[in-house]
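Asker: Input sequences plus hints: build the corresponding full structure.
Protein chains: 4
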Amino acid sequence: MTEMKRIGVLTSGGDAPGMNAAIRAVTRCAIYKGLEVIGIRRGFEGLLEGDVIPLTSRSVGGIIHRGGTVLRTARSERFKKPEGQVEALDRLRELDLDGLILIGGEGTFKGAWALHQRGIPVVGIPCTIDNDIEGTDMTIGFDTAVNTALDAVRKLRDTASSHDRLFIIEVMGRRCGFLAAQVALASGAEYVLLPEMPFDLDHLCKKLHYARRQGKTHSLIIVAEGVMGAQDLAAKLKDTAGYEARVTVLGHIQRGGSPTAFDATLASRMGAHAVKALLEGESGIMIGSLCGQMVTHPLPVAWEEKKPLSDEVLSLMEMLSI
Amino acid sequence: MTEMKRIGVLTSGGDAPGMNAAIRAVTRCAIYKGLEVIGIRRGFEGLLEGDVIPLTSRSVGGIIHRGGTVLRTARSERFKKPEGQVEALDRLRELDLDGLILIGGEGTFKGAWALHQRGIPVVGIPCTIDNDIEGTDMTIGFDTAVNTALDAVRKLRDTASSHDRLFIIEVMGRRCGFLAAQVALASGAEYVLLPEMPFDLDHLCKKLHYARRQGKTHSLIIVAEGVMGAQDLAAKLKDTAGYEARVTVLGHIQRGGSPTAFDATLASRMGAHAVKALLEGESGIMIGSLCGQMVTHPLPVAWEEKKPLSDEVLSLMEMLSI
Amino acid sequence: MTEMKRIGVLTSGGDAPGMNAAIRAVTRCAIYKGLEVIGIRRGFEGLLEGDVIPLTSRSVGGIIHRGGTVLRTARSERFKKPEGQVEALDRLRELDLDGLILIGGEGTFKGAWALHQRGIPVVGIPCTIDNDIEGTDMTIGFDTAVNTALDAVRKLRDTASSHDRLFIIEVMGRRCGFLAAQVALASGAEYVLLPEMPFDLDHLCKKLHYARRQGKTHSLIIVAEGVMGAQDLAAKLKDTAGYEARVTVLGHIQRGGSPTAFDATLASRMGAHAVKALLEGESGIMIGSLCGQMVTHPLPVAWEEKKPLSDEVLSLMEMLSI
Amino acid sequence: MTEMKRIGVLTSGGDAPGMNAAIRAVTRCAIYKGLEVIGIRRGFEGLLEGDVIPLTSRSVGGIIHRGGTVLRTARSERFKKPEGQVEALDRLRELDLDGLILIGGEGTFKGAWALHQRGIPVVGIPCTIDNDIEGTDMTIGFDTAVNTALDAVRKLRDTASSHDRLFIIEVMGRRCGFLAAQVALASGAEYVLLPEMPFDLDHLCKKLHYARRQGKTHSLIIVAEGVMGAQDLAAKLKDTAGYEARVTVLGHIQRGGSPTAFDATLASRMGAHAVKALLEGESGIMIGSLCGQMVTHPLPVAWEEKKPLSDEVLSLMEMLSI
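Residue numbers (UniProt numbering), protein chains in the order written: chain D, 1 to 322; chain F, 1 to 322; chain P, 1 to 322; chain Z, 1 to 322.
Bear in mind the hints are in silico, worked out from the structure with no lab data behind them.
It cannot be assumed that every hint is accurate.
16 Å max Cα-Cα, derived EDC-like pairs, lysine to aspartate or glutamate [claimed, not checked]:
(1) F:K33 <-> Z:E318
(2) Z:K33 <-> F:E318
(3) P:K80 <-> P:E49
(4) D:K33 <-> P:E3
(5) D:K5 <-> D:E36
(6) P:K33 <-> D:E318
(7) F:K276 <-> Z:E312
(8) F:K276 <-> Z:E318
(9) D:K276 <-> P:E318
(10) F:K238 <-> F:E196
(11) P:K207 <-> P:E318
(12) P:K307 <-> P:E196
(13) P:K276 <-> D:E49
(14) Z:K276 <-> F:E312
(15) P:K276 <-> D:E36
(16) Z:K276 <-> F:D202
(17) P:K306 <-> P:E134
(18) P:K276 <-> P:E3
(19) F:K206 <-> F:E318
(20) D:K276 <-> P:E312
Answerer: Here it is as structure tokens:
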């Protein structure tokens, strides 16, 4: 193991609130420990193009509270192929980088793993609003996205209750229901549809029917994008039972905004831990937060294991929506 | 003119932030002046059904900051027909109401006018997020909706700039561009499409093309719902010039939330002025705010004249998006 | 153990965001399980006065997102004395309550313990913005308070950086530094003073002096109320080293506002778990959340053990403020 | 009149939300019209030191929504003296500036007037949270500050109503009551003390006493800093009538944060109009917004005339707080 002198940091995949807080933490902790830090722009694509800037304590000042990523992000088809990865290695050597910290989700981690297998010291920081990474209780960005969606649902509740209406709200989360489940619970939504549970239209219609008879004049249904689109659900409800529902697709606003205190803190802690791990000679690993402690796992944990959604939430919703 | 002793208040049409602040102001000012106040629920439909509650100073306590309307709102097909209006008159007499204050937009005002013509003293308070009512510089709810949309656009800007992407954001406003124009100006959006200006796809594509060449890596297009849907615009941009755009339809979140200081204040002032006008024997009128002063106009002003959008905004956007 | 049929719920001590979400969860879960629920107003004082209202699924509808507590809260000198506690027992018997759920902090829990020792089945739910309760990773209200304070600090940063100024911001937390530490970390504040670490004025002045020489034109100092008042600190800095600092005391705004998603969720889970525990015959316990799991402990855990603040945060701040 | 080729822009005095939006508008409109733009940092002090940066369309990109001022601001004792002003003239000539746009409040405008009298073409843009500038209905920053204060008061209301308490909240506004009056009206505060009305402690105590007897369990008093400090008022209430009040001084958070839609729009319009006026050969003027129209006045209007506070607001509060 050669001594670490100069490391790179990049963000890749979909952006998430807290990416900048992580970039700042990586940069300042590395500088504090005597390293030089290079920011690679636009993820793996920028790496292939050698699109870089030096990062200093001052240049990451004031970014902790900004949404998005100052390093930008992009998808790279080239990097997915072996030739692209070999090229990336050349770039990393030209840039004289002794290690790389990669901030993103599953796709980012798979790219990091490819570089690790080709001999580059890499550490991954889990940052995605979907929270669909095993090995960490929470990913950076999830808490902010939940609160952004919650704020929107509260506004929709105003209209729903004023008009005695049924609303269907589609939230993000890819193939997982973490975002939908927490938004539903925190907003007091009446129903939630998650990829982790079988979709049963008859059951939903029965519950809607029962609630109407009990005098519930309005209802909110939260549907995870991994189940189906909100428009499709509205069409099914209309065809099957004649319900007229208003539809809102929250969309990309869930990715933006200043990070919450939780996400800014988690990003700071994970950024610092990533630098520490790299300096201690670790590679091919991701940072996780388990029971409030910083931990590391081999990167494949992120995608080889499926993070389970707690049953407790589902039974809670049943009781709380009466 | 008989002495006023007891008045009713209702909200009708689409809900808007500040409706509750207006209900509170009407109620407290009327009570202050010695009147009794009856709340009619669910607009004209509730009037026909006699669905009412007495309002007191205490019962409207704490509602000033709440979104939606505690009196709820509804559409009424029955009331649109002469028989329905006659029936409404009977209900008003049974309820022993000497006057009625109606909070809402154009449709509400047309209903109010029908009651006025049948001899009921009525005053309308303009409350709609669309700001499409002539006779008042601002309608209650507009300022809040603009700020809600602005907040969403700022979040989308985070993602757009991180991914170097083109975003199309559809905002409300019915057939008018007030909401879209102010959101565009306040957010620094690069382009805006308004019902008040001809739609020119070629011109838009040329501007996008020019901006790309100048090095603008991302752009936001705000489109008013009165022009076309955001999805349709995205399809046209793709077909004509190959642009890939992300689409967000802000939807009903624009109607919800606590009113801004401006809207809570405007609602308070208009509510007070409506009670004053009714007590002074006026009827068939709407309240307006012109140059900061409370004024009244005959109700038909609201729909017979088209409120113009200032040219200044359009030329400003041209300069500011360079 | 007699069968549970009817339980009471009260909030006591300082209010915290999420109290209403907890009341809602207790009420709906209890009703779901066949119990009747009585709300006791104004804490122990209201208990002594028999100031109660029945709670139903509908009456707790829409309160999940509201700050404060619909049951109100108060301090009670009477209840602290044995005679008061005996009187409270009489009231509980007259009200025919088989158990009591108490939502609040340390003082509330001590009162609950007194009732438990006199034979009343009680369960405590930890709800305070200070997070100073051992036995749970997080208390309800803490996450919201941190985010409220963070939002304020971000606004102060705007002014501090525009004017090249030193700001001192005093945050709550009683004798603990949890709130101050997380606000400092999440806001990127340059310095933090916590009750858990010795106060060293010389060291602080040296760091301020060093930062100035490095070109830092503005700085934020977060001081926990448990250390000293912000005004006192400003006076000391001026006397010792001539620094002119602006002072802001965040004060009671930290207690208000809608709960964050985290707090609304935690309150829902804890409320449900409290009902479950009471039905299973437990008493004299508090609910906790450890590593994401609902747990129970004897009430005295809350005050007999001191919850430690992680060292990691302190060393992190050292690195991140360079 | 020589042809304008190159202008300067500076911010001075207390910072206010929307300063950056104004800098952006000045810069882009000037560039659009073929001018070069120089940013002068730290107000008149930076002018004397020649602390400048060139501004481009790109360099002001993304600042429209940021609080504070990227050009920073400062107080300058030197500039207040004739020698300092002569020196400033030399600097302006060295910098080859044909005109200057100054963004700030009364003090800024007085400095601008001094330069105008020495032959420098100047235009002032009114930007202060106090709204205490005659000649414009609204100053940039006022609307944001009102909404920030309103948000804080809403949070305090949660606690006040939960604890049945009396709260005194001190807001900014210098010698004027605009901020206090609008916050009070929009928040539904029970009492407001403004510099524009005589302070009558007996009357206030009588109203508090009456409200208590009517069953009002909590009350909010908004006091403008121009009347007295909140702590002083609390002491007086205690000494005179035994009332225990909690005190909150909102302080500098009222200056920070992203501008509201109104302020971002007003700043954009005023910035554009200032460039237009300078190009048309005007000098020694300020921009105003009257009845929604951009206007200009000689600078002394700002301080020679006192902007009156509407009586309507005061009588409204009387009725609305019953």
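Asker: Sort out which numbered hints this structure fails and list those numbers smallest first.
Answerer: 4, 10, 13, 15 and 16
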